[in-house]
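Q: Those protein sequence lines, which keep their order, are chains A and B. Counting from 1, position 191 in the first sequence corresponds to residue 191 in this note's numbering; the numbering is continuous, with no gaps. Counting from 1, position 16 in the second sequence corresponds to residue 16 in this note's numbering; the numbering is continuous, with no gaps.
Hints are computed from structural coordinates only; laboratory data are not their basis. All C-beta atoms, glycine included, are put in the ideal place defined by N, C-alpha and C. Some clues are possibly wrong.
[Claimed, not checked] Partner residues are not named here, just some residues of chain B that face chain A (Cβ under 10 Å, in silico):
(1) Ala73
(2) His82
(3) Met86
(4) Val88
(5) Glu102
(6) Ala106
(7) Leu108
(8) Gly222
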Amino acid sequence: MIEDILAASVRIGTPLLFAALGGLLSERAGVFAVGLEGMMLAGAFAGVIATWLTSSLGLGLVASAAGGMALALVVVIATQRYGADQMVTGLAVNILALGLTSFLLRGFGARGEAPVLRVPTLAPWPIPWLADLPVLGAVLFRQPPLTYAGIVLALGVAVWLARTRAGLTLRAAGENPYAVFAGGTDPVRVRALAIVACGAIAGLGGAVLSLQQVGTFTDGMTNGRGYIALAAIIVGRWRPMAALAACVVFGAADALQLRVQGFRLPVSSYVIQMTPYLVALAVLAGVGRSARLPAAIGVPLLRERK
Amino acid sequence: MLEMRGIEKSFGAVRANRGIDVSIPAGRIVGLLGENGSGKTTLMNVLFGMVRADAGTITFDGRPLVHHTPHDAIAAGIGMIHQHFMLVPAMTVAENVMLGWEDAGAWLRHDAVAQRIAETSTAYGLDLDPHAVVGALSLGAQQRVEIVKALLRGARLLVLDEPTSNLSPPEVARLLPVLRKLRAEGRSVVFISHKLQEVLDLCDEVIVLRDGAVAGACPVAGATRETLATMMVGRELPPPLARVETTPGREVLIVSDLRALDDAGVERLHGVSFSVRAGEVFALAGVDGNGQAELADVIGGLREAMHGSISIDGDDVTHATVTRRLRAGLAHVPADRATTGLVSAMTIAENLALRESDAPPFRRGPWLDLAATRALADERIAAYGVRAEGGDALVATLSGGNQQKVILARELGRRPALLLAAQPTRGLDPGATRFVIDQVLALRAEGAAVLYISTELEEVMAVADRIGVMFGGRLVGVVSRDDADLTTLGLMMAGAA
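Given these sequences and hints, build the entire structure.
A: Here you go:
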């Protein structure tokens, strides 16, 4: 039972983890990642469509990264080229993704109805020997491939941010972009690249939902996970491994509410479904005071007009 | 070493640089002198590739620099230390040095870089810990971080933009030998300043800019303050201040045993008592960070007093709101003019109306009287000589001197009984400084009491009737101006008297 719930927490936390890692890159570079929800949704959609058309899950994953990146490019152009407000752009992109994916999905059905495009899902890859460990085996080593990829990615992002010059430059762009400029690097370029990377990774987060968990695309299937990922970034104080832990906590809240729904409690199931969001709110209220944002986040930066 | 020929740069209708020729020889410290807005910073930003010149050529070490970026300038051997440091406060000294530096490695060689910082720091007497977080360092130490950054990148020409304007006198005294050592090694230094005495003390040659063009260049040997000042402002400076004799009247401001904490909760004011009479200027001298900022905040009503009392014209305002203090007759010119003194994103007229927007002439019934506000703005702009297109100009578009004039117009226009002026001339050029001092003295002649806080001793001597010195959160001495000499004041400021 505990084993089940823990394993489910990790599984359910995986799409959050991808989105949180992508958003973390964007925010450490100084750009609010409000568009995570839309990038995930675009990734989930593009992944399903590509897999359905080519019958290749590999191409599906590439397409989901590309789908997230496409939406990220909109953010890059609006915020970095034209200096649009990051919050408003992010929200606009989320609404755009919701409408556009629903519309395009109907293009694949007859008479404008939404079709159900069934695609195969990524099966669990038990890791030999490790999968047989008691408890840990079930929780960590009998997971599907993207879950492993997410954990490796979290480690990679943590090391990259802390130990490479590129990571240092990205962090500086979020703290004082003028210092980056004076150091000989164009901070606008740094931010643009960070947003695009954010889109690709969040797009893969969408693929975790559609290609690893569900096997199809439905309208608005991310259902607020992008926003929960934003909360995970803040709870994790913009550090990858701490964000990973936060994602597992939010995953656990979701796993629990799914179980609790089965107990036939005298409470509406809609109330129970609210719990992950209530957990997010409660945790944010708790850590909100001590969280320190990257100093220059949200500060627009325009190249000198020449 | 460096030749800049015919540099032209315009921002919109403003010609910031109009055909400037400059040459900097190797192994020299060259002062670049000029009033605010004379084009010094623009010229150096062109050199460093931060902005692109409209016309002109730059040759450094015999090689031309064309359409270069800061990256190219650094690679060529130019180091620039901006007035507002280009550092990341949340990162360590070592991380700041590694930022954008190829030699730090794609995978950061943190320990090796820390080692080199420590070596350079020792060699030049910079006293830097590579692992300290920059935000926790004093401004002087942050400047030394910038110097280390430039040196490790192999800078042979170092440009320092107003390097002393944010430093306390001991920190300045520490910076100058470092620059002399760089010169002794054959490097060149461009020292941008509008402080005549520093340029005379430190530099070998001086180039004076005025209105975006070179007004003169000469070796420092033989130059005097008068000749340089004349080149800078293009006219003879007026003779020393004439003061109206006043007889000090009633005690307007009485401060007794005031204690207060700073933002971090540390007690910075340990029981300060004094009074200021009508018709006198009481100046508080002292090195920055000895409690003056907290004292000004407490009197202005921006910071709670922990202990003690403040009264203005017999009215106890120790715990009063800012509005009540204003009614009691207080006018406040805060040290931080851009953020505490003004709302940069609003117009001059709106800023002028800020303090009194709930009273006529600004208010008519429940509405703002825009016509009256605009009329008053035009009148004040003319009276105080604010250089702006009109009352509708945004304050953010004004130079520092003109912003200060807007604050003075608002605060002095009310005919206050008490003026609290904190560092009112910081960052202003000599012309604007003179204007501020004249306004303060005019107010004194009308019988107002003035509390004038400044770190510039010369200015304190020029404006004050009595001088108090702050050290370590205490008032360590009060002397009348006629009995004051610079040596005694300097010793008191250093806590040695």
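Q: For every hint, state whether the structure bears it out.
A: Hint by hint, here is what the structure shows:
1. Ala73: 8 Å, holds
2. His82: 7 Å, holds
3. Met86: 4 Å, holds
4. Val88: 4 Å, holds
5. Glu102: 8 Å, holds
6. Ala106: Check passed: Cβ of Ala106 of chain B comes within 6 Å of chain A, closer than 10 Å.
7. Leu108: 6 Å, holds
8. Gly222: 36 Å, violated
Violated hint: 8 only; the structure is consistent with all others.
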